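Chains W and F, in that order, give the protein sequences. Counting from 1, one number per residue, gives the positions in the first sequence under our numbering. Counting from 355, one number per residue, gives the positions in the second sequence under our numbering.
Errors might be hidden in some of the hints.
Below, a list of computed lysine-lysine pairs in the BS3-like style, where the Cα atoms sit at most 30 Å apart [claimed, not checked]:
(1) W:K155 to F:K431
(2) F:K449 to W:K76
(3) F:K391 to F:K449
Treat the hints as calculated values from the structure; they're not laboratory data. Note that the structure is predicted; figures quoted are calculated from it, not measured.
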Amino acid sequence: MEAALDILIVEDDADTRANLEDILSLDDYSTASVGTLREAFDIVQLPEVSCILLDRRLPDGTADEALQRFSVLAPKAAVIVVTGYADLESTIAALRSGVSDYILKPISPQALRASLARLFRLKQAEERAQQAERLAVIGEVVTSLAHESRNFLQKISSSAELLELIEKDNPEALAEVRRILVAERGLEQLLEELRAYAAPILLNKSLLSIQAVWRKAWLDACRARMCHAQLLEEVSHEDVNVQIDEFRMTQVFRNLFENSLAACQENVEVQVVCKRQDSYLNVTVRDNGSGLDAEQRRRVFQPFYTTKSQGTGLGMSIAKRIIESHGGDISVGNCNYGAEFIIRLPAADGTNRE
Amino acid sequence: MDSGSILVVDDDADITANFVDILTSQGYRADAANNGKSALEMVTRRKYDLALLDFQMPDMDGASLFEAIRSVRPELKAIMITAYAANNGVERAKKAGICRVLRKPVDMRLFFSALESITPNNNSEPV
């Protein structure tokens, strides 16, 4: 697999190209650079490139001519034209034909950064809007599917229960009936989780101690799994109050804890570390289980991805959606034993209060 | 041994048949109606201890049906069953005076414990 590429630089002047590469690598963008359009069109990752920095004049063509090719070959890319002052007027005219922005030579790092930041913000907002739209459509379909299915589930379960009464002296028949009932409950649970996954997440936030929330989730998880495990807490910030939806955040922690309890064999230890970082509260949850391999780390937040024999694999992707709708994020940490997840939530007294 | 009489109302005849069978097996007397109109006729004709109402039916919803039933039989109690996963309709049903709302597929243990707490002659024994 080719490495992901954020920005493609198409610039024939070696100095300008080096200059652009320097600025961008400082900012942690992954870049590739070429000196001609022909080379640019051959870049393998072109379909996934987010941004193309395109010199106005190139040895084998002009930016104007290249724009149409790029709109086909790199549909996700926003094009920023790099231009000299002399060409400014025609570049501005080109803005109308699919250019997102332009920067003047000599390139000022500030101008480039501002332009890219604007562009990536816009892209993120677009992606979020698309995701929300997709989920809304899926949500409607799943809600009516779940609703319609419940009438059928009702018939299956009540017929099976009747059969249980009729066949109460026939152990073989009873065993079969119970299998039907177990399958029926499994299907019901799947539909319920699907519905919860696709439903819009509406938050009912209040100022709460995140520690109280994870403690409640811990008790719930231990009770559900009927097991004894140790919870180790480390809170280095005195104010653990955050604006959160109690029910939803309990769901997130419960999910993490249940995964830990399921993954660890015996002497389960789950550690929760709560630290303040800038205007965020970081809550790290780690366990002493077998941890996540590279594949699991990459896919853990994907819907329907699961390593457990039971469960739908929706838990972690719901957790991610819940955290994100709180204005935070969740990521897999780099613990060298066990699994580690880091939740970042805007602190109540932070500057990014909603 | 008649431990209570129950009217089961659902537009799906399989569902009412199942409930009637289960209730009968537990010593209750049970009748079925498959729409709001015939349910109203049946409560007018005879006295029931409890109505089991589907939330959503083609001719009228469970809450409206219950309001109509109450105008004929003010003392009749009801349990509603709903296929909706979310809580829509629960508030309205409670406001109309429906004692319990259960989700489909109905957990029979929950159903019978609700039934026993609501029906007056609390002497139901399995036959």
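Against the structure, the hints come out as follows:
no.	hint	result
1	W:K155 to F:K431	holds (24 Å)
2	F:K449 to W:K76	violated (53 Å)
3	F:K391 to F:K449	holds (22 Å)
In summary, the one numbered hint that this structure violates is 2.
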